[in-house]
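S.K.: Working from the sequences, and respecting the hints, build out all of it.
There are 4 protein chains.
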Amino acid sequence: MTELTDNAYGKSNIHLFRVTRGASRHEVRDFTVGIRFSGAYQTAYCEGDNSHVLPTDTMKNTVYGLAKELPSSEPEDFALALARHFAAGNAEAHQVRVDIAERKWDRLGDLPGHPHGFTPSGGGKHLASATVAGTRATIESGVSDLVLLKTTDSGFADFRKDRFTTLPETSDRILATTVEARWSYLAEGTIDYGATWHEVNEHLRAGFTAAYSPSVQQTLWAMGKCVLDTCPAIAQIHLRLPNLHHLPVDLSPFGLEGKGEIFVATEAPFGLIEGTVRR
Amino acid sequence: MTELTDNAYGKSNIHLFRVTRGASRHEVRDFTVGIRFSGAYQTAYCEGDNSHVLPTDTMKNTVYGLAKELPSSEPEDFALALARHFAAGNAEAHQVRVDIAERKWDRLGDLPGHPHGFTPSGGGKHLASATVAGTRATIESGVSDLVLLKTTDSGFADFRKDRFTTLPETSDRILATTVEARWSYLAEGTIDYGATWHEVNEHLRAGFTAAYSPSVQQTLWAMGKCVLDTCPAIAQIHLRLPNLHHLPVDLSPFGLEGKGEIFVATEAPFGLIEGTVRR
Amino acid sequence: MTELTDNAYGKSNIHLFRVTRGASRHEVRDFTVGIRFSGAYQTAYCEGDNSHVLPTDTMKNTVYGLAKELPSSEPEDFALALARHFAAGNAEAHQVRVDIAERKWDRLGDLPGHPHGFTPSGGGKHLASATVAGTRATIESGVSDLVLLKTTDSGFADFRKDRFTTLPETSDRILATTVEARWSYLAEGTIDYGATWHEVNEHLRAGFTAAYSPSVQQTLWAMGKCVLDTCPAIAQIHLRLPNLHHLPVDLSPFGLEGKGEIFVATEAPFGLIEGTVRR
Amino acid sequence: MTELTDNAYGKSNIHLFRVTRGASRHEVRDFTVGIRFSGAYQTAYCEGDNSHVLPTDTMKNTVYGLAKELPSSEPEDFALALARHFAAGNAEAHQVRVDIAERKWDRLGDLPGHPHGFTPSGGGKHLASATVAGTRATIESGVSDLVLLKTTDSGFADFRKDRFTTLPETSDRILATTVEARWSYLAEGTIDYGATWHEVNEHLRAGFTAAYSPSVQQTLWAMGKCVLDTCPAIAQIHLRLPNLHHLPVDLSPFGLEGKGEIFVATEAPFGLIEGTVRR
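Chains as they are written, first to last, in this note's numbering: chain A, 1 to 279; chain B, 1 to 279; chain C, 1 to 279; chain D, 1 to 279.
Any given hint could turn out to be false.
A pair counts as met if it fits within one copy or between any two copies, since identical chains are not told apart.
For lysine to aspartate or glutamate, the following DMTMM-like pairs were computed, each having C-alpha atoms within a straight-line distance of at most 20 Å [what the hints assert, rightly or not]: (1) Lys68 to Glu257; (2) Lys161 to Glu92; (3) Lys259 to Asp172; (4) Lys104 to Asp77; (5) Lys225 to Glu274; (6) Lys125 to Asp145; (7) Lys104 to Asp192; (8) Lys125 to Glu3; (9) Lys259 to Glu92; (10) Lys225 to Glu27; (11) Lys104 to Asp162; (12) Lys225 to Glu3; (13) Lys125 to Glu180; (14) Lys259 to Asp106; (15) Lys225 to Asp6; (16) Lys68 to Asp57; (17) Lys259 to Glu3; (18) Lys125 to Asp106; (19) Lys104 to Asp145; (20) Lys259 to Glu202; (21) Lys104 to Glu261.
No lab work stands behind these hints: they were computed from the structure.
M.R.: Right, dumping it as structure tokens:
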């Protein structure tokens with residue numbers, strides 16, 4: 001006897017680019033959307049009965065159709081609207097999850113910027129997810145692709161050694177990471193998600209540089225604490241910090257002495273540090 | 001008040017290439033290893049105390065050092081040996097997880113093949129993970145990057161329609177996917193992991209082509225069932241099947257009639273179907 | 001005064017998947033096509049006059065339309081047919097170039113294989129390009145993504161040293177590369193491009209393993225020579241061989257002695273060796 | 001008889017990260033370097049004689065060693081110093097080419113910015129290449145990865161139609177591209193390469209938005225002309241502009257009317273427009 005114990009289906013990588021055409025200026029939003037249903041779909045899997053299966057092609061169409069019908073909004077708001085729409089029309093979907101990654105664009109030119117010319121921002125993507133299960137809806141926000149580096153005020157020492165340890169201790173190294181953060185809210189109803197995202201982004205940067213870093217672990221904690229201390233709406237934040245190693249080059253074979261100037265940036269292998277900071 | 005509620009740290013993308021030099025022939029194994037500790041590391045995060053922190057650089061060294069000391073083996077065996085080694089030396093690590101993705105190589109030339117010349121196989125990677133928590137160890141195996149396509153014996157019809165549905169019904173389409181499967185075992189001690197991996201790989205292919213596919217969902221079920229029906233050691237299998245859409249090109253604007261010959265292969269967006277089949 | 005000195009425009013990454021539905025078996029061809037016109041387009045660039053500009057969208061449509069109208073063939077033949085079609089209809093295009101990269105698929109199952117089930121081959125892509133300039137047409141063929149590795153019978157010694165040289169000499173190392181080869185023909189009219197491609201692919205493999213490799217350079221020469229010696233139709237072959245470094249791990253800090261068994265495969269930086277061998 | 005007709009060898013993807021530690025502020029430069037020799041290396045290829053072959057590993061070491069010995073500078077200056085160094089020590093290398101791609105970093109925080117905290121800039125990479133052949137040295141500069149988009153003031157109409165043309169004409173579309181530009185100089189000796197790069201970057205943006213775009217071709221010309229008209233040191237500029245299609249979604253099946261608001265951003269296939277503008 002075999003049985004289906006969990007299931008999920010949906011559409012990934014739906015790219016929506018939206019222009020709001022104001023009288024004198026255009027606004028743009030650039031969302032990549034993923035949709036995922038799970039629930040009472042056993043007959044689809046086990047018997048090939050598609051009668052309750054909304055095509056993933058329809059999910060894609062819905063992103064574009066609802067984008068047209070709804071006013072432009074933050075990705076959290078749009079994700080929630082999509083999830084509620086799908087849940088209302090698909091009772092079999094006991095859980096509907098919508099994930100959005102927003103690529104940010106800046107206006108070209110000096111402030112106030114070009115009315116319809118844009119270039120991508122450098123500061124990380126805005127992540128949002130909405131999950132609707134029956135009458136319950138939850139929102140999570142996040143940031144990804146935010147690269148931070150400091151050239152000093154970081155070290156790693158007094159760590160455990162065993163027979164395979166060769167790493168030298170240091171009190172001055174480069175620290176670099178690509179931040180991925182995801183956070184949830186104490187109460188979701190009245191959040192200004194856009195303003196909160198910018199605040200969190202600022203506090204992650206501030207937490208990264210605020211103090212001497214004895215380890216990525218401790219800096220993760222400092223960054224998470226910095227966010228919670230300044231954003232009262234946030235319940236908890238999960239951080240994922242790859243350690244983008246910048247290794248000092250050994251110049252001694254060339255008769256030269258390294259003084260913290262010449263580094264090789266490596267991609268693999270990399271350390272990966274994660275943690276959740278909660279109120 | 002803030003607290004750390006979960007944590008994990010480790011090293012990713014440790015690339016180990018291993019040659020076993022037999023008298024007349026060499027064997028190769030090509031493993032990419034990830035290691036992840038979680039446990040009683042609050043003082044590291046919250047106080048910057050590294051005294052219990054084994055450097056991720058040491059984790060990397062250990063992969064190479066233990067590879068030298070241990071005989072060559074399947075990735076499941078090596079993952080378990082690594083996880084046990086780390087758990088034994090790091091009481092704070094309440095859970096140690098080791099993930100391995102093996103790239104397979106074939107011998108060059110006709111059978112029995114070149115003694116030391118190789119080229120990558122075409123048939124998917126071998127995934128293995130071992131998790132050690134105290135005295136308990138669990139093994140999971142998997143396959144990724146296994147691309148399967150059939151040019152007929154697949155359709156999608158009788159599905160739910162709503163106002164955003166434009167997809168035509170079809171009883172003859174291309175079905176293509178990149179299989180990612182992960183499975184666990186009823187009892188782990190006496191498994192021949194290498195032979196089992198090849199068996200599962202074969203049965204996934206067989207399940208994919210065995211019957212008419214009314215949906216990716218139903219084919220997922222057929223593939224999972226085919227594996228469980230033929231591999232008694234396996235307790236359950238999770239399958240993740242992206243739908244690699246091959247869309248028939250509308251040739252009517254050119255005065256031509258399509259007959260299931262000319263397709264455009266698209267990358268985004270894509271359907272994604274998941275499910276777990278359990279005994 | 002400014003002027004336009006050269007120009008080119010076209011469409012890239014047109015993905016054509018083609019099924020030939022035989023009575024009992026299907027055949028598949030998987031082409032990614034690029035098209036590029038250059039010629040008398042100054043008024044388009046300098047004056048915004050589009051009257052001679054065939055849209056790149058039309059180029060894309062033509063790939064699918066001609067695929068329907070023409071019998072299935074090798075990528076060289078299809079590239080030439082496309083280039084001739086475009087040149088005939090666009091006198092301003094003094095040169096039309098069509099590039100095709102074919103992904104190869106194998107049948108699933110044991111020989112003779114499944115009638116309509118497929119999985120990608122492991123042995124490199126088939127490249128083809130056709131260039132039509134007036135009445136003159138030239139064909140080039142190639143292979144890419146062909147990964148070859150040997151675990152011994154390779155070294156690198158007696159090289160030039162300067163003050164920055166630290167590389168130790170070796171007479172036993174791993175040699176690995178991803179072959180990219182492009183070749184032209186003495187006379188193009190009567191070539192069986194498919195058979196030739198398979199022959200070249202075999203001879204590149206044979207040349208790679210045939211003898212001790214004192215350097216990538218010398219192995220490049222041996223591979224090119226092996227192709228020219230056995231394929232009389234080929235005029236010259238250009239080879240591009242990245243050196244996929246597999247470095248022996250220094251195990252001495254762990255009290256272990258390396259014996260050519262444990263390697264780290266690195267991705268960057270990499271050596272890159274190129275050369276053309278001509279009859 | 002076979003012969004070697006051209007050759008090249010070198011090292012690619014050498015990642016140099018350089019910190020200049022000022023009294024109160026650090027500066028960073030992030031270069032990825034490629035080196036390529038070609039010349040009288042026939043004996044290396046054809047006979048396995050390595051006596052004139054400087055190892056590519058030494059090329060890599062030289063990047064780090066010379067970075068230490070030379071003051072920090074623009075990538076053009078460093079590329080030239082490297083190329084001259086290699087040419088001086090390797091008479092067989094009739095041509096030495098050094099390519100650098102610089103990733104730009106901004107300071108974290110408000111102006112004047114953090115003394116040692118950084119995040120990547122959003123505005124394109126700085127490319128530089130130096131080629132030394134005997135006593136002759138040439139410099140080229142460039143920009144890559146500069147993404148520009150405008151939401152209106154762009155169209156495409158009055159183009160050639162044939163039987164495969166289905167593209168509708170439009171006078172209002174999104175225009176988006178990832179600029180790759182490469183330029184050379186009238187006289188190289190006295191250029192401030194850093195200032196020039198910023199100027200060119202500005203003028204490319206200005207040229208992109210300055211006027212209505214009847215085609216990518218015409219905008220390419222406008223961008224190139226804008227650079228030449230304002231940068232007297234530049235002799236010519238080559239531009240490569242992929243057309244990042246943002247297609248209006250057809251909302252009519254949902255009973256909705258599109259008004260230039262809802263687009264799907266696609267990745268493949270894409271138009272690709274190139275041209276050189278010369279003084």
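S.K.: Decide, hint by hint, whether the structure agrees.
M.R.: How the hints compare with the structure:
Taking the shortest Cα distances, Lys68 and Glu257 sit within 20 Å of each other only across copies (9 Å), while inside one copy they are farther apart (62 Å). When the C-alpha separation of Lys161 and Glu92 is checked against a cutoff of 20 Å, the pair qualifies only between copies, where the shortest distance is 14 Å, while the shortest distance within a copy is 54 Å. Within a single copy, Lys259 and Asp172 get their C-alpha atoms as close as 10 Å, which meets the 20 Å cut-off; across copies the closest is 36 Å, which misses it. For a Cα distance limit of 20 Å, the shortest separation of Lys104 from Asp77 inside one copy, 16 Å, qualifies, whereas the shortest one across copies, 34 Å, does not.
Taking the closest pair of Cα atoms, Lys225 and Glu274 come within 20 Å of each other only inside a single copy of the chain (14 Å); across copies the shortest separation is 36 Å, beyond that limit. For the homomeric pair Lys125 and Asp145, the shortest alpha-carbon distances inside one copy (6 Å) and between copies (17 Å) are both at most 20 Å. With identical chains, the CA atoms of Lys104 and Asp192 are at most 20 Å apart within one copy only, with a shortest distance of 17 Å there and 32 Å across copies. Within a single copy, Lys125 and Glu3 get their C-alpha atoms no closer than 39 Å, and across copies no closer than 26 Å, so neither meets the 20 Å cut-off.
In this assembly of identical chains, Lys259 and Glu92 lie within 20 Å of each other by CA distance neither inside one copy nor across copies; the values are 64 Å within and 35 Å between. For the identical chains of this complex, Lys225 and Glu27 are neighbours neither inside a copy (34 Å) nor across copies (29 Å), given an alpha-carbon limit of 20 Å. For the homomeric pair Lys104 and Asp162, neither the shortest alpha-carbon distance inside one copy (46 Å) nor that between copies (32 Å) is at most 20 Å. Taking identical chains as interchangeable, the C-alpha atoms of Lys225 and Glu3 lie at most 20 Å apart only when they sit on different chains, with a minimum of 9 Å there against 44 Å within one chain.
Taking the shortest alpha-carbon separations for Lys125 and Glu180, only the intra-copy value of 9 Å comes in at or below 20 Å, while the best inter-copy value is 24 Å. For the identical chains of this complex, Lys259 and Asp106 are neighbours neither inside a copy (38 Å) nor across copies (23 Å), given an alpha-carbon limit of 20 Å. Taking the closest pair of Cα atoms, Lys225 and Asp6 come within 20 Å of each other only across two copies (14 Å); inside a single copy the shortest separation is 36 Å, beyond that limit. Only within a single protomer do Lys68 and Asp57 lie at most 20 Å apart by alpha-carbon distance; the minimum there is 17 Å, versus 26 Å between protomers.
When the C-alpha separation of Lys259 and Glu3 is checked against a cutoff of 20 Å, the pair qualifies neither within a copy, at 63 Å, nor between copies, at 38 Å. In this assembly of identical chains, Lys125 and Asp106 lie within 20 Å of each other by CA distance both inside one copy and across copies; the values are 13 Å within and 17 Å between. Within a single copy, Lys104 and Asp145 get their C-alpha atoms as close as 11 Å, and across copies as close as 16 Å, so both meet the 20 Å cut-off. Taking CA atoms no more than 20 Å apart as the test, Lys259 paired with Glu202 passes in neither setting, with 31 Å inside one copy and 36 Å between copies.
In this assembly of identical chains, the alpha carbons of Lys104 and Glu261 lie at most 20 Å apart only when taken from different copies (17 Å versus 33 Å within one copy).
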